[in-house]
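Protein chains: 2
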Amino acid sequence: MSSVDRQLEELEAEIKSEIPSDISVSAVKYEGPELVVYTRDPKKFAQQGDLIRQLASKLRKRITVRPDPDVLSRPESAREQIMDVIPEDAGVTDLDFHADTGEVVIEAAKPGMVIGRHGSTLREITKKVGWTPEVVRTPPIESSTVSNVRNFLKQERDERRDILERVGRQIHREEMSNDEYVRITTLGCCREVGRAAFVLSTPETRILIDCGDKPGAEDEVPYLQVPEALGAGATNIDAVVLTHAHLDHSALLPLLFKYGYDGPIYTTEPTRDLMGLLTLDYLDVAAKEGRAPPYESEMVREAIKHTIPLEYGDVTDIAPDVKLTFHNAGHILGSAVSHFHIGDGLYNVAFSGDIHYKDTRLFNGAVNDFPRVETLVLESTYGGRNDYQTDQEDSERKLIEVINEAHEQDGKVLIPAFAVGRSQEIMLVLEEAMRKGKIPSMPVHLDGMIWEATAIHSTYPEYLRDDLRDRIFHEDENPFLADEFNHIDGGEGERQEVADGGPCIILSTSGMVEGGPIMSWLRHVGSQEDSKMVFVGYQAQGTLGRRIQNGWDEIPINDRGGNGGRSNTLKLKMDIHTVDGFSGHADRQGLEDFVRTMNPRPEKVLCVHGDESSVQDLSSALYHEFNMRTFAPKNLETFRFK
Amino acid sequence: MSSVDRQLEELEAEIKSEIPSDISVSAVKYEGPELVVYTRDPKKFAQQGDLIRQLASKLRKRITVRPDPDVLSRPESAREQIMDVIPEDAGVTDLDFHADTGEVVIEAAKPGMVIGRHGSTLREITKKVGWTPEVVRTPPIESSTVSNVRNFLKQERDERRDILERVGRQIHREEMSNDEYVRITTLGCCREVGRAAFVLSTPETRILIDCGDKPGAEDEVPYLQVPEALGAGATNIDAVVLTHAHLDHSALLPLLFKYGYDGPIYTTEPTRDLMGLLTLDYLDVAAKEGRAPPYESEMVREAIKHTIPLEYGDVTDIAPDVKLTFHNAGHILGSAVSHFHIGDGLYNVAFSGDIHYKDTRLFNGAVNDFPRVETLVLESTYGGRNDYQTDQEDSERKLIEVINEAHEQDGKVLIPAFAVGRSQEIMLVLEEAMRKGKIPSMPVHLDGMIWEATAIHSTYPEYLRDDLRDRIFHEDENPFLADEFNHIDGGEGERQEVADGGPCIILSTSGMVEGGPIMSWLRHVGSQEDSKMVFVGYQAQGTLGRRIQNGWDEIPINDRGGNGGRSNTLKLKMDIHTVDGFSGHADRQGLEDFVRTMNPRPEKVLCVHGDESSVQDLSSALYHEFNMRTFAPKNLETFRFK
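Residue numbers (full-length UniProt numbering), protein chains in the order written: chain A, 1 to 642; chain B, 1 to 642.
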């Protein structure tokens with residue numbers, strides 16, 4: 001008998017001894033980090049209000065109770081009973097029964113009303129029909145990404161359960177080593193921005209954190225070929241953790257599955273969906289530009305299938321010796337500061353991922369409060385000695401000024417923006433400014449994936465700032481649904497019309513002017529002297545965005561884009577502005593504040609994800625200010641902490 | 001056509017254009033780092049005195065010329081002609097003809113007389129018979145190791161040539177990567193003494209430097225299982241470099257072949273032989289102590305078969321982007337400071353291995369003069385702030401005092417010593433002291449492998465200090481042949497006789513009292529109050545030697561040794577002395593001097609191979625004294641230098 005089976009046998013015995021004798025336990029299994037308890041008496045389980053919570057705390061496991069398939073009531077009758085229990089206002093749009101696991105997935109506009117106070121409505125459902133309910137939100141704005149992901153996972157449910165069971169047994173395997181160490185290996189994003197990738201390793205476990213590309217340098221990928229990365233191949237990685245969906249953190253994650261990786265990806269639910277959206281687009285862009293994509297879209301689906309979503313604050317076993325907890329990072333939707341508790345009190349490491357320390361319109365500021373943390377791996381995008389951003393209030397004022405100026409001279413405002421994050425922040429600014437009459441009401445055209453990304457934001461309001469979340473819950477106040485917003489879905493024809501028309505605002509991808517519809521917009525309005533181009537986000541070295549920002553005004557442009565297009569030069573005549581307070585990144589002050597107020601303060605900080613001078617400035621400042629050991633690692637180094 | 005074949009074709013064309021048209025070239029091949037040129041006109045080649053040297057310098061390759069097999073004169077007639085050319089005094093003991101390569105191996109007591117001034121006699125031989133002569137020394141003291149190794153290599157000649165050809169093609173393969181980096185990964189001997197192992201890696205190449213065990217902690221082996229070590233398995237290592245034969249650097253080298261490694265080991269010729277001797281003994285000791293040996297003796301033979309011996313000062317291509325040069329390290333016979341020149345002027349790293357900076361009786365002091373060196377990996381055995389050794393002169397005086405004292409009270413002197421290195425140093429001291437009358441002439445019993453190790457020393461006098469080398473060349477002055485030295489080859493009976501007899505000196509292994517005949521000697525003479533035990537070498541933490549040195553006098557001792565022996569306690573009554581000036585290691589002063597006078601001075605120093613406090617003391621002292629970047633790495637870290 002394997003050690004996992006022995007463990008499960010002991011757990012089953014312990015559960016039986018803890019619950020009333022009239023409740024049966026027919027099987028106990030791991031599925032990913034969860035312990036699944038099968039019972040012939042799901043209704044009785046549900047009647048004992050707090051029983052599951054008590055068990056979870058006693059066994060120190062996440063517990064799900066499921067009915068034995070053969071005690072389930074028939075879906076047809078269950079459907080009726082369930083609809084009876086749920087208030088009509090909840091807006092149920094779908095019920096999906098899975099007899100193999102006894103789960104029923106309820107999609108509703110207002111999930112809270114399906115759950116009820118402290119889960120009372122859910123328990124009521126189980127008491128009535130025996131099925132275990134699971135609730136998801138109906139996207140308030142239709143999102144093809146969300147519905148594709150959900151349909152795909154529904155379709156792959158069987159295989160997914162196999163994966164989860166295998167992962168569950170791996171997580172709970174017996175520890176084999178007598179040795180103790182905690183190491184971090186840098187595979188990318190050191191003394192540079194882009195290709196984020198780290199390996200956290202112990203004698204038992206190897207975890208890959210992020211796996212991105214490098215904007216402006218597509219051939220500079222993380223060092224996956226060095227032996228530190230994947231050991232004797234991708235199958236030697238125990239788990240992958242994704243801090244957020246931006247391509248410089250996620251782009252090459254699907255590649256792992258091409259290399260044979262078959263394990264879990266831990267991330268938040270919105271990051272999973274955004275990663276799907278962005279990586280598929282990444283393949284698309286590569287194809288359009290005539291580059292060989294590093295993997296097929298099939299691998300993106302594999303990545304989604306292997307994702308185990310975690311919520312902020314969930315402490316989760318991801319290996320025999322590692323617990324992972326995500327916390328809000330304030331950077332983009334679903335972005336997470338990732339905290340690793342290693343061994344039984346041996347060591348704690350937090351990876352900041354990308355963070356924004358202060359509250360923004362979209363998100364609460366990054367969490368920096370942990371039970372323990374000895375080492376922090378900190379992003380340093382704006383870590384340079386002069387990287388202070390203006391306050392967002394000032395930035396908003398400045399943006400409004402620029403827009404008003406353009407409007408007065410009948411011009412347009414072209415804003416290159418990442419589909420995910422800054423676009424929605426700017427949308428919120430514009431919606432309020434128009435609502436409050438600070439700028440005239442005018443069309444705001446959203447091009448590229450901005451619309452779709454916005455739909456995903458409104459699907460996961462729990463991840464947004466409190467007051468925004470509340471507004472989205474009331475459909476008539478959802479700022480993303482304001483009349484001025486127009487989704488560009490008519491291609492070049494519609495763009496030409498916009499270009500020929502009156503004053504307006506255009507938000508378009510890509511955010512660093514590296515391709516995508518922004519290139520069309522440059523062709524259409526780039527030579528309009530009365531129009532303005534406004535940069536609101538970070539422009540990496542080597543990108544066209546950075547060059548325009550630095551004053552280049554002759555821009556190489558393909559007439560049709562992609563292979564075979566003739567290469568011309570466009571003379572840029574728009575006014576170029578930079579309004580830098582909207583970054584999704586903490587500025588130098590924010591980074592220092594994050595460390596200053598961090599609780600507890602870490603002993604060591606690795607400054608990563610910044611240009612050479614930024615990481616060195618920040619590393620030296622933190623050392624002098626807080627007397628901690630700080631490092632500015634190079635790629636391909638390994639640090640040992642214990 | 002592979003890139004190597006193309007390269008060989010070009011080389012062949014270039015050689016043909018460089019040599020007189022009446023000399024034919026029938027084939028050009030790589031064998032290990034050498035370029036072998038086959039010709040149908042070996043005699044003409046030999047007549048053009050300097051031709052080979054000119055070619056080598058023109059092509060920047062090491063070149064060997066061999067006759068085509070079908071132009072060779074018959075061995076029977078060649079033998080006679082060769083013996084005619086070589087002066088009788090050379091003392092030829094064997095001629096061995098290899099028709100497949102056209103080589104004749106000449107074993108002689110005085111190789112210099114076979115070679116002749118600037119190789120004139122060798123050329124004379126080729127001119128006469130066409131064969132390519134190769135010369136080896138007849139051991140002045142019979143050595144079973146040397147003759148076993150030579151016979152084994154003779155027997156495996158065919159397979160060895162296949163290995164060399166394969167290695168040769170690998171060394172000269174085309175470079176594949178556009179990237180540039182130089183990294184060192186620490187797999188052992190950091191903040192500890194023992195289990196030396198490093199990986200030096202570039203995008204092209206991975207080189208393992210040393211692979212030892214840890215005395216006193218047999219379960220603490222180098223971290224060969226982490227992916228940095230062997231990549232995707234031992235076959236991903238391009239080359240192994242062995243700095244010297246002591247087991248804390250060599251013991252686990254044969255294990256690599258069990259793991260599937262099939263590449264070269266670069267080391268000096270005496271280190272190869274000593275490694276054979278010491279690793280076979282290591283297996284023996286493990287078996288005697290009832291431990292499972294990590295590999296079979298077959299793997300030691302594999303290691304020997306894969307060894308490519310290099311001489312001090314030879315600059316050798318060992319990978320497309322790495323040149324290796326060995327320099328005398330002054331530590332033990334064949335020990336080498338290993339200098340790596342990486343890329344075309346990209347970077348230079350020197351690994352000190354174990355060093356002795358000053359001249360000793362056996363060896364010249366360590367070389368610290370290099371064309372370039374940016375990073376030094378420096379041993380720190382005696383790097384602690386108080387690790388100053390007395391001058392060897394004082395130490396010798398002290399040793400002589402102790403011996404005279406023991407002799408006066410009719411006692412014996414028991415000296416635990418490493419078979420290799422310190423034993424021979426002490427032998428030289430004792431021989432001189434008796435010859436000059438500073439101590440009475442008395443028997444010096446050599447137990448364990450000391451005799452055999454001494455025989456190996458006298459086989460390679462080129463590696464010894466100049467004046468000692470000269471003395472060995474004259475048999476009547478060979479100090480190792482002094483009458484007082486007695487090889488203990490009669491087992492326990494002989495030991496009992498010695499113990500019951502009069503004053504004498506006993507030199508016995510193991511040097512840290514971890515097993516071997518020293519345990520017998522403790523049983524035989526440990527309770528003799530008039531006798532003395534003298535430590536002359538480093539005693540690692542955790543060894544019995546260190547404990548006795550620290551005052552322990554109750555010693556657990558097996559009556560018969562090995563499995564099933566009853567365990568008793570012996571009360572140690574001998575006087576315990578430590579005379580520390582004989583160490584094979586530089587002391588703190590020596591280490592500082594090595595760095596101070598190093599030319600050029602390195603930018604960075606990694607202090608390794610020392611107890612925690614020693615590496616930290618030394619690292620901090622070098623930093624303050626020389627204003628260089630210094631590190632005291634932990635095991636399992638990776639440093640990137642470019």
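Quick caveat, the hints were computed from the structure, so don't treat them as lab data. Check before you lean on any hint, since a few could be wrong.
Copies of the same chain look alike in the list, so a pair counts if it works inside one copy or between any two.
[Said to hold, decoys possible] In silico SDA-like pairs for lysine to any residue, Cα to Cα no more than 20 Å straight-line:
#, residue 1, residue 2
1, Lys604, Phe631
2, Lys288, Gln409
3, Lys128, Tyr388
4, Lys16, Leu481
5, Lys61, Lys323
6, Lys604, Trp552
7, Lys604, Phe639
8, Lys642, Asp611
9, Lys436, Pro503
10, Lys438, Asn386
11, Lys61, Lys258
12, Lys358, Glu180
13, Lys573, Phe631
14, Lys258, Trp552
15, Lys573, His624
16, Lys642, Phe631
17, Lys44, Arg173
18, Lys305, Ile23
Hint check:
Proximity of lysine 604 and phenylalanine 631 under a CA criterion of 20 Å is satisfied in both settings, with 8 Å inside one chain copy and 17 Å between copies. Taking the closest pair of Cα atoms, lysine 288 and glutamine 409 never come within 20 Å of each other, the shortest separation being 36 Å inside a single copy and 95 Å across copies. In the homo-oligomer, the alpha carbons of lysine 128 and tyrosine 388 never lie at most 20 Å apart, since the shortest distance is 58 Å inside one protomer and 84 Å across protomers. Taking the shortest alpha-carbon separations for lysine 16 and leucine 481, neither the intra-copy value of 52 Å nor the inter-copy value of 82 Å comes in at or below 20 Å.
Within a single copy, lysine 61 and lysine 323 get their C-alpha atoms as close as 11 Å, which meets the 20 Å cut-off; across copies the closest is 56 Å, which misses it. Taking identical chains as interchangeable, the C-alpha atoms of lysine 604 and tryptophan 552 are never at most 20 Å apart, the minima being 41 Å within one chain and 42 Å between chains. Proximity of lysine 604 and phenylalanine 639 under a CA criterion of 20 Å is satisfied in both settings, with 11 Å inside one chain copy and 18 Å between copies. In this assembly of identical chains, lysine 642 and aspartate 611 lie within 20 Å of each other by CA distance solely across copies; the values are 17 Å between and 29 Å within a copy.
For the homomeric pair lysine 436 and proline 503, the shortest alpha-carbon distance inside one copy (19 Å) is at most 20 Å, but the shortest distance between copies (108 Å) is not. Proximity of lysine 438 to asparagine 386 under the C-alpha cut-off of 20 Å is found in neither arrangement, the shortest distances being 31 Å within a copy and 76 Å between copies. For the identical chains of this complex, lysine 61 and lysine 258 are neighbours neither inside a copy (32 Å) nor across copies (42 Å), given an alpha-carbon limit of 20 Å. Taking the shortest alpha-carbon separations for lysine 358 and glutamate 180, neither the intra-copy value of 37 Å nor the inter-copy value of 39 Å comes in at or below 20 Å.
In this assembly of identical chains, lysine 573 and phenylalanine 631 lie within 20 Å of each other by CA distance neither inside one copy nor across copies; the values are 44 Å within and 54 Å between. Taking identical chains as interchangeable, the C-alpha atoms of lysine 258 and tryptophan 552 are never at most 20 Å apart, the minima being 40 Å within one chain and 61 Å between chains. Taking the shortest Cα distances, lysine 573 and histidine 624 never come within 20 Å of each other, neither inside one copy (46 Å) nor across copies (58 Å). Taking the shortest alpha-carbon separations for lysine 642 and phenylalanine 631, both the intra-copy value of 16 Å and the inter-copy value of 17 Å come in at or below 20 Å.
With identical chains, the CA atoms of lysine 44 and arginine 173 are never at most 20 Å apart, being 32 Å at best within one copy and 72 Å at best between copies. Proximity of lysine 305 and isoleucine 23 under a CA criterion of 20 Å is satisfied in neither setting, with 34 Å inside one chain copy and 70 Å between copies.
In this structure, the earlier hints numbered 2, 3, 4, 6, 10, 11, 12, 13, 14, 15, 17, 18 are contradicted, and the remaining ones agree with it.
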